[in-house]
Amino acid sequence: MKKSRRIFSSIYMWIVLAFFYLPIVYVVFFSFNSSKSLSNFTGFSTKWYEEMFSNRSIMEAIMVTVVIAVIATAVSTVVGTITAIGMSKSKKVVREFITQTNNLPMLNPDIVTAIGFMLFFTSLRISTGFVTMLLAHIAFCIPYVILSIMPRLRRLDPNMAEAAMDLGCTPWQAMWRVIIPQIKGGIIAGALVAFSMSFDDFVISLFTTGPGISNISIYVYSNVKRVNPTINALSAIIVYVVTAILIIVNVIPMIRDRRKGKNYEAITEIR
Amino acid sequence: MKQLQKFVKLCLGSAMALSMTACSSGSSSAAASTTQTETVDAQKEYGCNAINVYNAGEYIDTAVLSAFEKQYNARVNYDTFDSNETMYTKLLGGSSYDVIVPSDYMIERMISEDMLQPLNQDQQTNEADYDPAVLKMRDAYDKDGKYSVPYFWGSVGLVYDKTVVSEDDIKNEGWNILKDTKYKGNIYYYDSQRDGFMVAFKALGYSMNTENEDEIQAAYKWLREMNDTMEPAYVTDEVIDGMVNGNKGIAIMYSGDAAYVLSQNENMAWVEPEQGTNIWSDSMVIPKNASCAGLANEFINYMASYDVQLANTTAVGYTSVRSDVEKEMTAKDGDYYENDAYTVREDGKNDEVFHYNEKLTKALSDLWNKVKVQ
Amino acid sequence: MAKKLIEIKNIVKTFDKQVVLKGISLDIMENEFVTLLGPSGCGKTTLLRIIAGFLDATEGHVIMDGEDIASIPAYKRDVNTVFQHYALFPHLDVYDNIAFGLTIKKEPKDIIDQKVTRMISLVGLEGFEHKDVTLLSGGQQQRVAIARALVNEPKVLLLDESLSALDKNLRKEMQLELKEIQREVGITFIFVTHDQEEALTMSDKIVIMKDGDIEQIGTPADVYNEPINEYCARFIGDSNIIDGVMKKDNLVSFDDEDYKCTDYGFAENEPVDIVIRPEDIDIVARNRGLLNGEVKSSLFKGVHYEIIAETSSGTSKTVMMHVTGEHDVVNKEAHERISASSFMMDLEDVASLSDSEVIARANAQAWTDDEEDVSLTDISYDVNNEVGVYDCTIGTSAGTKITIKINVVKPRAVEDAENEESIQAFDFFRTVDEIKESVALDTDLIRWADAYAWSTEDNSRVEIWDVKYDFDDQNITEGLYPITFSTQGRELKIETTDKHEVGERVGLQWSPEDIHVMKKMG
Amino acid sequence: MKSFAKLTIPYIVWMTIMIIVPMLMIVLYAVTVQGNDVLTFQFTFSNFIRFFQDSIFPTVLWRSLTMAFFTTLICIAIGYPMAYAMAKLKPRSQAIMVLLVTLPMWINMLVRTYAWKGILSNFDLSSEICVYIGMVYNFLPFMILQIYTSLSKIDENLIIASHDLGANDRQTFLRVVLPLSLSGVISGITLVFLPAVSSFFIPKLLGGGQYVLIGNLIEDYFISTGDWNFGSAISLIMAIIILISMYVTKKLDKEPPEVND
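Residue numbers (this note's numbering), protein chains in the order written: chain A, 1 to 271; chain B, 1 to 374; chain C, 1 to 522; chain D, 1 to 261.
For reference, chain A alone in the conformation it holds in the complex (with noise of 0.2 Å):
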């Protein structure tokens, strides 16, 4: 009865599964597709992937979404950390203040966070372009680094900066030899969740850019409403580059951990 009900639910597991990746296996599929259908597979081709690389716009979106999505990651990443460390030695008035106005954006639907950037903007008379948008998503990237750090610095010791300050260290010091590598982990996940957060973000960009200055979510919004195999070959691109990123980060270790003899049957097992 425990086989029949393990191989029930693993034959349940891989349905779900094959839900989340049809979609995926799809549009690469068809990104290979010689015509433009998305229902007929009339012939093997790359065409849409060389008509993909010598369209402009596409390579500029691509552009724009790294570009935007590196210097988010990065300012917010700075700006993240420090504000971390300064609150986690703040007074608990200034803290819950930070904590609950950073929950603002993580909490109000994006439509509303976006929207409020376009008035902002647009009462400034700032005329919306790559700067706004990257401001908005600088501004909407820090909460996310600020949560993740902040667990790790509570289980900090506090003592440990007073520690290091005792033994010689200024400030700057105490916070870049003792604190951050302690809070490494914290900060490298938030830069992954807020480069993620910034290169998948689609309704905050939408609401907040400008003439010109499209990133891969407005290319693909405002071009779907024709067929266009090229998107499914942009789509198929970011599913290899995922793929290969994740596959990289992953499953390397594991095999790094297999070399040295751990559990062997673990992935067979799944099966």
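Simulated from the structure, these hints should not be mistaken for lab results.
No experiment lies behind these values; they were computed from the predicted model shown.
Some hints here could point you the wrong way.
List time: in silico DSS-like cross-link candidates among lysine-lysine, alpha-carbon distance up to 30 Å [as the list claims (entries may be wrong)]:
| no. | chain 1 | residue 1 | chain 2 | residue 2 |
| --- | --- | --- | --- | --- |
| 1 | B | 359 | B | 136 |
| 2 | A | 36 | A | 225 |
| 3 | C | 76 | D | 153 |
| 4 | D | 153 | C | 17 |
Not close to chain D: a few residues of chain A, all C-beta gaps over 10 Å, as computed [what the hints assert, rightly or not]:
| no. | residue |
| --- | --- |
| 5 | 32 |
| 6 | 35 |
| 7 | 47 |
| 8 | 54 |
| 9 | 57 |
| 10 | 67 |
| 11 | 157 |
| 12 | 168 |
| 13 | 180 |
| 14 | 189 |
| 15 | 248 |
Using N, Cα and C, we set each Cβ at its ideal position, and we do this for glycine too.
Knowing the structure of chain A, use the given hints to seat chains B, C and D on it.
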């Protein structure tokens, strides 16, 4: 901030260079035909070398943009909008464009709100070749083309699948076929307050420029009934592929999109109901806050030129504003020979041009949202 | 005698080819408090889980009331468990935790209420019925866990290291209370622990386990007084365990002396382990006891003193320390000073000599007039792989230099055949200041003399236990000083109520029945 | 450590400008008349009155809430067994499963929704079902991961203890596992319900223009109609309702409901 912008431009520039080389192998006739023209250095000539262009979606052969960029050693940032209203709101939101392509009534509104700058007439050289009917329409909202140069023109009508919809029904019912329950769930309704209401007004025999509250309410009621009984899909540019593939039986379409659909699917037919329709034209204008007006003027003139109009009308199916291009397209070996939708009806006695009317626009926008929300 | 309740027959348990239980057989009586005692990994918890039904035995049977319970799932067994960290349900309050088992059995509400209330008063938690269990103290949680198990009226209560999470005082208190509860409810308790004190206090029967096997079963008195081997002796109580030889019946010998005992039945000259409990040794005047010793340490433990007496010394080696005066080299132009000492080294170490090793051994350092440290960058030496005296120059980048001697010698180790140990050390040079500045002189002396001791049996390292010298390090002057390094000798632990000073020479006395002789292990 | 406390100052300034002020702008727009300059605003409640006067807007709001509610329900129904099955795997397989569930989330949401558009075009499904598929697809991983996290945090000993006290598998699940995993379900609800209420590109892409939700309405009033005041009022109403429902959900977390079997 300046530094940052510079950096980004640099990045974008390199990406562009990469794509440009690939682009140059593009197949467009426009690109080929403009190569003989002498190149101009925009930076030297106009003090700037980049323009932001804001046009309706599916409204251009993008190859003409690369050709322009090459010829003027400039950069064109090309964005598209769904509706005139979206475009207008975007401008209010602080986006600064150099060339936009709104419809007649929107230009009327923008002129009245002092949002446009006059064109440099010295740079405009194509007026002589324009269709007189188009110029007549233009003069109604922009006397002598002080602010605008027409881009495309057309009407609104019904595209229907001859294998699904009986020709008699269409002829007899006109717009009211959209309420014929025989075709329930088989309808694409155009998602635009102006066109949406136009159909209702015309079906009821009213003017689309009415200010009469009763007539507006009657039209709203017509639309609600249509919405509640017919389960239409509200679409914009999706309708093009939808009808090419024959997904639904009837669609409200602009004549240009219809011409393209007809050219792709021989089962499709076009009709402009006798009850009358909206005759419209879209024109190129330069907003007050344009940052590169000189090059914008040049761009407008370029877009109105024979080669470019030919390339664009070939690609998208909208009717050219140039008589010579229009003639070529409808000639025996033209792309739109005997294509009903390509030639704009000029003698419809119930046909109207839409005029901007703040009160009406406001009322309609609210009512239109309510219609769509089933 | 009481009725047999559980019969454990030849239980074998393997996990991934690793044998955790090697065939355990054990009888447990009704109303008995049994303790499974052993270090972590000995299989005691596994055995408990097999009884509870959380694990299936690979081989063997658990028979309860004459019925093999292997096929009965955990939730149908008349057995309940108090878990190590109690495993209280955090989403239920005290009352609901205790009532859990009864609710599952769908007992009527009033019966549940009655039983739970009784349990709550049994464990003394009146007034805590609706407290959040996560907010209780460790002792209170413990009581809830016991009540939750007992309310089901099991035939057997299993306790898995149940007291280990409590602090020491509370643990003592709970030991008594557990015993009290067991007497009151009159059921069998099987208690798993690694704490011998808990086992001795509460149990009717102690089962000492090791590596998946039972070593000894007996009453607390049995296992305390008559451990069957070194392992059991070490596990139960503090013991002096000495390697010895059984000369003949009633005569045992260790450290070259014969002692009377009451044990017999061993082969002649059979090597054995001897246990003498610390409380059985009396301290008497020197030469009045069975053997003499010197008090090495004396710790006051409240009621008694715990004294360590050394009865025979370890292996030792004496070296000379050459104490010299100031020998800083001063470099006026660079405002620097440098100091270093000559040193001796083992010929065997020459091959692995490095710059940093030279600096460390020579205790070389350089500093400016402002007492800032200066790094030593310029080190040159030419040491051949043979015995001899070599020059070595150490200097800074500013050109401040000092020359020292490196004396490469063949070490002469002292070997003690009796103890099977060797020790070696070198003469060395130091300045007065270096000795005065030393924070941990014994450690420094060992390092400076490169003192090292090892077992000649297996070459393993033996700790240098003692450093003896006869100078006052704060008032030392130039000259030669002998230093003796030695390893640990025979030491006996004694518990006595009399106070004895460290260094006191005493006699030690016990009676023959205090010696317990055990067979050598496996 | 006063010197470290000062490090928060730049962010407090930034936060005030970039988070608080924009939120206040929404409130300001919501209570003023259209066409005003920021500085000469004219206070009004008419935007709110307009919203509630016309049954249309509350209808859309209600539709969005019910849609989000059912999306959340479906996500729990599919996600709970999935998370449960995952938590039962061996640790290494769990890690791989988590990776497999996470991977699609790293791919742009629009891209994934666009992919569904292609698949769904092959079937003749009502636009409502298409929107549900899109919603569930996009938000299910959040639910699974939240529930999985809370399930994998449950001390194995509690389950053993439950068996020990006489509960069979089903009783153990209902009385121990389920109540203890409720916090994961609750945070899953937060992560699904909230974005589902306001989602606008999923209905737009997959609903074929036939399915208007509150997010679409807001987008419309901001992007095409250009009535930002009314749009702000709608957003404000939505935000308040969401905050209230979040508050209620959080309350639920504190007092797990009685389980009767």
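Could you work out which of the previously given hints the structure breaks and list their numbers from low to high? none
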